[in-house]
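Quick note, the sequences are listed as chains Z and V, same order. Quick note: the first sequence uses my numbering, first residue 1174, plus one each step. Quick note: the second sequence uses my numbering, first residue 34, plus one each step.
Take the hints with a grain of salt, since some may be wrong.
Said to hold, decoys possible - Which residues of chain Z face chain V? A partial, calculated answer using Cβ under 10 Å: (1) Val1266; (2) Arg1277; (3) Ala1331.
To be verified - Derived list of chain Z stretches under chain V, where covered just means 3 residues or more per stretch with a C-beta under 8 Å from a C-beta of chain V: (4) 1209-1221; (5) 1245-1254; (6) 1296-1309.
As the list claims (entries may be wrong) - Taking lysine to any residue and the SDA-like style, the derived pairs with C-alpha atoms no more than 25 Å apart in a straight line are: (7) Z:Lys1228 x Z:Arg1277; (8) V:Lys113 x V:Gly128; (9) V:Lys126 x Z:Asp1349; (10) Z:Lys1284 x V:Pro138; (11) V:Lys113 x Z:Thr1319; (12) V:Lys126 x Z:Lys1302; (13) Z:Lys1284 x V:Lys141; (14) V:Lys141 x V:Val160; (15) V:Lys141 x Z:Thr1279; (16) Z:Lys1302 x V:Gly104; (17) V:Lys126 x Z:Lys1264; (18) V:Lys126 x Z:Asn1247; (19) Z:Lys1264 x Z:Asn1254; (20) V:Lys157 x V:Gln103; (21) Z:Lys1302 x V:Gly105; (22) Z:Lys1284 x Z:Glu1257; (23) V:Lys141 x Z:Leu1287; (24) V:Lys141 x Z:Asn1247; (25) V:Lys163 x Z:Lys1302; (26) V:Lys141 x Z:Asp1349; (27) V:Lys126 x Z:Asn1289; (28) V:Lys157 x Z:Asp1322.
Everything labelled a hint here was simulated from the structure, so no lab data went into it. From the three backbone atoms N, C-alpha and C, an ideal C-beta is built for every residue, glycine too.
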Amino acid sequence: MTKFGSWQALVVALIFAAAGMVTYIGTRDLHEKPDRRDFLLQGTEGQAVTLDAFKGKWVLMFFGFTSCPDICPNTLLNIANTLEALGPDAKDVQPVFITVDPERDTGPVLKDYLANFGGHVVGLTGTAKQIAQTAARYQTFYSKRTTEDGYTMDHSTAVELISPEGVYLRAFRPDDDPDDFAKELRAVMRKSPT
Amino acid sequence: MKYLVFIASLLASGAATAEVTIADAWVRETIGAGRTSAGYARIVNTGAADRLVAVSVPAAMADVHESREQGGVMRMLPVKALEIPAKGETVLKPGGYHIMIMNGPPLKRGETVTLTFTFEKAGKITVPAKIAPITAP
Ligand SMILES: [Cu+2]
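This is chain Z alone, in the form it adopts within the complex (with noise of 0.2 Å):
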């Protein structure tokens, strides 16, 4: 296996980067456009999985990766208290986890992992490339860093939502607090119909 390190990584997401933007930025001036954000990724049973598969459901999409002890867990425990706070709400939302270290983040790492948050968290991991383009038009950022111990991995943290129809809606800060997070989840539910 060729090693995709982290300037690697870094340069293919600041590229995916710019083109998203571009994309972005052409499909907002000529018609307003929905801004769908496809991708391809594998599913903890290696299945493929697309955008597609969460049609019907409010997405609540972040990256990161198992063998982030400190700010991972904080977030996951953060988006299972919005779900119940969001009350029957919860049901129309599905949390997605995307691994930014596949080469750790295996499918049935991701799932035993999520399995201890509530079992409601939706695991994806995919190839470097896959992870990288993605993340790239979720304008979120990774980068693989040597520590004396290893490496570890440097992430945005932003939590994105995606309506029922695949539409891009807007990113979430993952420390907000959950009771307000679920209102503000709420508002925009009410506001488009499922």
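Given the structure of chain Z, go ahead and fit chain V with the ligand onto it with the hints provided.
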């Protein structure tokens, strides 16, 4: 309660015991094949300013880290020496300073693990840390 702490600190200073104490130490459990965890604690200092220079965990690599957001990107950066202010405290908590624990044995919730903190002045302090669920806040 405050009164008791005050008396206790008076007694402590008289007995020339350590001026740095560690409270509420805990670490996150690891999941499956995972070998990365984080540890947290409250470092209370009743004496002069000190610095935390190392932490060790049996059979694992441990470093003091800080989670810091730079331009929307979250990074965990090593901290060479963590300042513990005089007559104050430094708190290691999720989203900030933490002890990064890597390549160690699995950490199972409910069990404990030993953390050894090394301070510039106070020397080594060893405390048991509770292993909490991965979802611990
Ligand atoms: Cu860390």
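Evaluated hints:
{"no.": "1", "hint": "Val1266", "verdict": "violated, 18 Å"}
{"no.": "2", "hint": "Arg1277", "verdict": "holds, 9 Å"}
{"no.": "3", "hint": "Ala1331", "verdict": "holds, 7 Å"}
{"no.": "4", "hint": "1209-1221", "verdict": "violated (count 0)"}
{"no.": "5", "hint": "1245-1254", "verdict": "holds (count 5)"}
{"no.": "6", "hint": "1296-1309", "verdict": "violated (count 0)"}
{"no.": "7", "hint": "Z:Lys1228 x Z:Arg1277", "verdict": "violated, 29 Å"}
{"no.": "8", "hint": "V:Lys113 x V:Gly128", "verdict": "holds, 18 Å"}
{"no.": "9", "hint": "V:Lys126 x Z:Asp1349", "verdict": "holds, 17 Å"}
{"no.": "10", "hint": "Z:Lys1284 x V:Pro138", "verdict": "holds, 20 Å"}
{"no.": "11", "hint": "V:Lys113 x Z:Thr1319", "verdict": "holds, 17 Å"}
{"no.": "12", "hint": "V:Lys126 x Z:Lys1302", "verdict": "violated, 34 Å"}
{"no.": "13", "hint": "Z:Lys1284 x V:Lys141", "verdict": "holds, 18 Å"}
{"no.": "14", "hint": "V:Lys141 x V:Val160", "verdict": "holds, 17 Å"}
{"no.": "15", "hint": "V:Lys141 x Z:Thr1279", "verdict": "holds, 22 Å"}
{"no.": "16", "hint": "Z:Lys1302 x V:Gly104", "verdict": "holds, 23 Å"}
{"no.": "17", "hint": "V:Lys126 x Z:Lys1264", "verdict": "violated, 32 Å"}
{"no.": "18", "hint": "V:Lys126 x Z:Asn1247", "verdict": "holds, 11 Å"}
{"no.": "19", "hint": "Z:Lys1264 x Z:Asn1254", "verdict": "holds, 14 Å"}
{"no.": "20", "hint": "V:Lys157 x V:Gln103", "verdict": "violated, 33 Å"}
{"no.": "21", "hint": "Z:Lys1302 x V:Gly105", "verdict": "holds, 22 Å"}
{"no.": "22", "hint": "Z:Lys1284 x Z:Glu1257", "verdict": "holds, 21 Å"}
{"no.": "23", "hint": "V:Lys141 x Z:Leu1287", "verdict": "holds, 17 Å"}
{"no.": "24", "hint": "V:Lys141 x Z:Asn1247", "verdict": "holds, 19 Å"}
{"no.": "25", "hint": "V:Lys163 x Z:Lys1302", "verdict": "violated, 40 Å"}
{"no.": "26", "hint": "V:Lys141 x Z:Asp1349", "verdict": "violated, 30 Å"}
{"no.": "27", "hint": "V:Lys126 x Z:Asn1289", "verdict": "holds, 21 Å"}
{"no.": "28", "hint": "V:Lys157 x Z:Asp1322", "verdict": "holds, 23 Å"}
Violated hints for the displayed structure, listed by number in ascending order: 1, 4, 6, 7, 12, 17, 20, 25, 26.
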